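Protein chains: 2
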Amino acid sequence: MVLVSSLTPVFVAVLCVVIVFLLKSIQKKERGPKTDSTPTVKSRPWVDQDLQDDTEIIKEEEDGDWADSEEDVPHIPYSPRRYADDVMLRRSQEFYALMNERRSVRSISPEPVPREVIDNVIRTAGTSPSGAHTEPWTFVVVEDAETKHKIREIVEEEEEINYKQRMGDKWVKDLQRLRTNWVKEYLDTAPYLILVFKQTFGMHASGRKKTHYYNEISVSIACGILLAALQNVGLVTVTSTPLNCGPQLRLLLRRPANEKLLMLLPVGFPAKGATVPKLTRKSLDDITVFI
Amino acid sequence: MVLVSSLTPVFVAVLCVVIVFLLKSIQKKERGPKTDSTPTVKSRPWVDQDLQDDTEIIKEEEDGDWADSEEDVPHIPYSPRRYADDVMLRRSQEFYALMNERRSVRSISPEPVPREVIDNVIRTAGTSPSGAHTEPWTFVVVEDAETKHKIREIVEEEEEINYKQRMGDKWVKDLQRLRTNWVKEYLDTAPYLILVFKQTFGMHASGRKKTHYYNEISVSIACGILLAALQNVGLVTVTSTPLNCGPQLRLLLRRPANEKLLMLLPVGFPAKGATVPKLTRKSLDDITVFI
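One line per chain: the protein sequences are A and B, in this order. Note that UniProt numbering numbers the first sequence so that position 30 is 30, with each residue one more than the last. Note that UniProt numbering numbers the second sequence so that position 123 is 123, with each residue one more than the last.
It is possible that some hints are incorrect.
In this list, chains with the same sequence are indistinguishable; a pair is considered to hold if it fits within one copy or across any two.
[Said to hold, decoys possible] No farther apart than 25 Å at their CA atoms in a straight line, the calculated lysine-lysine pairs in the DSS-like style are these:
#1 K278 to K210
#2 K164 to K272
#3 K150 to K278
#4 K209 to K282
#5 K150 to K164
#6 K210 to K272
#7 K150 to K210
#8 K282 to K210
#9 K164 to K282
#10 K210 to K164
The hints are simulated quantities; they were obtained by calculation from the structure and are not laboratory data. Quick caveat, the model's predicted, so the values are computed rather than measured.
So that you can see chain A by itself, here it is in the shape it has in the complex:
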């Protein structure tokens, strides 16, 4: 009895230590994931919300065939134009030659571009397929000089942080050699900035939330068709995804919270004396497997 009672304080002490240890380990588990995904949350409000894409989450619920969940609509015959084999071959060669001339260009001329051409280019992007035909894209075309400059200020502020804090010295040196830094003059000079937003969800007439299946993939496909349409008319752009600027740009352009910036494309003619890095592309054999 005396033994036991003399041990009581030890019991309590040991068990308290155990409890404290367990509590700490719980807190770790709670904090762990969060800190992984928001290392810079203070300097970048809502950045997670906007980088996060709910596409993955809902994949489990979705059938993989993109048009399957269309409402009950009548079917109509479909017989598109058919080309002879030699014509197909020629067309495929010509289109490849045209697209193979496309390069990402950062020196964009301030020369004006007909607005009707931009309209048609965006109409073309809008023909893209999308998960369950949700057409989850919004193209914000900025022509207004003041708004373009505000966009430049937001992007350059974030980019400067990227260069000075996020990227290693070696990388920064490489970029200096590439004459690339956080200064994005094209955001002022390009006659148009096209900011492509993905609608992460929509609304049913009933007001119920409408799932936008694969919205990021769908909008990216639309961007591919947009790039083809720009190349087809001799306009240039550079595919940029301004890091952490999405939320600020969304607010500047007054887009709703269900829309997240996917890409920013400055559009125009190449500036006189524009240069591009001398790069090669992988050959057909490097990117294709035939079975």
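Place chain B on chain A using the hints.
Here is chain B on its own, set in the frame of chain A:
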């Protein structure tokens, strides 16, 4: 003293209960997220691995300008063909008209298609921009009837599970009216199946893991250009993302673990009597905001 010692058992009992409770809560926290993301892990091996896209994770480390991390390469002058305004306008109208005729087609004719045309279509997709010019795509073109049939078996087995277990009765009824179910005959009849894989990472010559920035967005853009190239030669396809089939198809086609299936495109001429749902597309005003 007597009081304390008589309380000792109580102390121990209470504190043991507390400890057990804390242990349980730790286990919950550990299990929680996992079960969320792997509800069907038993019937679908590695499905998480393959659905998971590490693009989001690495965004934090990346500069948003896609070509910035190219190695130090010389720059060369770039002056693409320039069209007069009226030519640009005409070309933009014609390309829009052509792309606007594109529809997702599920009835594909077994008629042969010249292999050179498919080569050029894939070459064209390979001109797509990609994060840091990583070109993170592999196009597996399946012409072999036996392999196509194995692909069909894998897809239909999974699709049947989707229809019977994942989708609600109403949805399934809608699909019956749409004459759509888990039977994907086009996987046998189409002369070519193009399976598009995203390379989630690459390898440096040194053997070090090479980050493929934005690989899913890059490959999706390439798919958009692929769709444009197919439409340009009068071939049809349907953009499908076979749910949970990626891992099995990757093994069937012997692709390495860093490659994940993004899309499966059956390619050919439309079958005689092919129909498509009578759908409309959003107007320019519905998808564009001008500022």
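Structure-based check of all given hints:
{"no.": "1", "hint": "K278 to K210", "result": "between (45 Å within a copy, 21 Å between copies)"}
{"no.": "2", "hint": "K164 to K272", "result": "neither (30 Å within a copy, 60 Å between copies)"}
{"no.": "3", "hint": "K150 to K278", "result": "neither (32 Å within a copy, 43 Å between copies)"}
{"no.": "4", "hint": "K209 to K282", "result": "between (43 Å within a copy, 19 Å between copies)"}
{"no.": "5", "hint": "K150 to K164", "result": "within (21 Å within a copy, 52 Å between copies)"}
{"no.": "6", "hint": "K210 to K272", "result": "neither (47 Å within a copy, 35 Å between copies)"}
{"no.": "7", "hint": "K150 to K210", "result": "neither (33 Å within a copy, 35 Å between copies)"}
{"no.": "8", "hint": "K282 to K210", "result": "between (40 Å within a copy, 16 Å between copies)"}
{"no.": "9", "hint": "K164 to K282", "result": "neither (32 Å within a copy, 43 Å between copies)"}
{"no.": "10", "hint": "K210 to K164", "result": "between (41 Å within a copy, 22 Å between copies)"}
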